[in-house]
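Got chain H; can you put chain S on it based on the hints?
Protein chains in written order, with my numbering: chain H, 1 to 181; chain S, 1001 to 1071.
Calculated directly from the structure, the hints in this document are not laboratory data.
Computed from a predicted structure; not experimentally measured.
A portion of the hints provided could be inaccurate.
Label-pair ranges, simulated between beta-carbon atoms [said to hold, decoys possible]: (1) SER49/H / ARG1054/S: 18 to 26 Å; (2) SER153/H / GLN1061/S: 42 to 50 Å; (3) TYR72/H / ASP1053/S: 24 to 32 Å; (4) GLN1020/S / GLN37/H: 49 to 57 Å; (5) ARG150/H / PHE1018/S: 19 to 27 Å; (6) THR1029/S / SER129/H: 16 to 24 Å; (7) PHE1018/S / ALA107/H: 42 to 50 Å; (8) LYS135/H / ARG1054/S: 26 to 34 Å; (9) GLN1032/S / ALA140/H: 18 to 26 Å.
Heads up, the beta-carbon is just placed ideally off N, CA and C, and yes, glycines get one too.
As a plain string of letters, each chain reads:
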Amino acid sequence: MTPTRTAREEMLAAIPRLRAFAISLCGDVDKADDLVQEALHRALTHIDSFQLGTNMLAWLITILRNLFYANYRKLRREVEDGDGRYAASLKSQPEQESKLEFEELRAALAKLAPDQREALILIGASGFSYEEVAKICGCAAGTIKSRVNRARSRLSKLMSIERAEDFGPDHVTRAVLSDNS
Amino acid sequence: MKRRKPASSGSKKMRTDFMQRRGRARLSTEVQRKIGNQLRAMYDDVVHQGVPDRFTELLSQLDERNDKDKK
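Chain H on its own, in the form it takes in the complex (with noise of 0.2 Å):
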């Protein structure tokens, strides 16, 4: 069947944002645009399963995060090979900014769990409710809630503004003790 204009057109206005996902859940550019392109082309051949008047975001993630899931043993160990893979790929798309300030973020997001990192996304950055994750995950909006948790928690340990001492007087000393070591 042709996908209606009405489902085309949403799955176009949903593209971004399904990107923006995929980046995130990636930790790579090229890696996730392969990875959004699989996704929509098994959305497309399975449009007629798509419900008119449902989240069709919603839809396309959580066929993109199972083919993420598929792949994830290969991925993981192409990505844990090639460090820096990510800064090199911003670096081939110049209409983007320097992105520094993301690279420790985005580190910091690739050691979490995949589970824990997508629970993350999707409720810290997307603006989905617990209970919309947790359907698009298929578990529980309690355990959601735990793995948002337990994300943030590493995450903010993982980074260097976690300790008390970076928002002090004791940071400047410290930095000044590194300068001269």
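Structure of chain S alone, referenced to chain H:
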């Protein structure tokens, strides 16, 4: 007197612990807000890039193919 002394230093320690805990809790909220803002900024940065050509092309190619199949 000898008994009260350790007790009072103990309560002072408790108060200090409490202050530190409260400080950490406040700090943690601050850290969480920073992480949240950064996460959204990173996400929105990609959202604002719009739809890359390869995906617009993919959707229209499939449309054309489907139209041909119909005829």
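Hints versus structure:
Taking the beta carbon of each, SER49/H and ARG1054/S are about 24 Å apart, inside 18 to 26 Å as hinted. Taking the beta carbon of each, SER153/H and GLN1061/S are about 45 Å apart, inside 42 to 50 Å as hinted. At about 28 Å, the CB distance of TYR72/H to ASP1053/S agrees with the hint of 24 to 32 Å. Taken as a hint, the range 49 to 57 Å holds for the pair GLN1020/S and GLN37/H, whose Cβ atoms sit roughly 51 Å apart.
For the pair ARG150/H and PHE1018/S, the beta carbons lie near 26 Å from each other, so the given range of 19 to 27 Å is met. Judged by the Cβ atoms, the range 16 to 24 Å given for THR1029/S and SER129/H holds: they are separated by roughly 22 Å. At roughly 35 Å, the beta carbons of PHE1018/S and ALA107/H sit outside the given window of 42 to 50 Å. Separated by about 29 Å at the C-beta atoms, LYS135/H and ARG1054/S satisfy the suggested range of 26 to 34 Å.
GLN1032/S and ALA140/H have their C-beta atoms about 23 Å apart, which keeps the hinted 18 to 26 Å range intact.
The structure fails hint 7 only (numbered hints given earlier).
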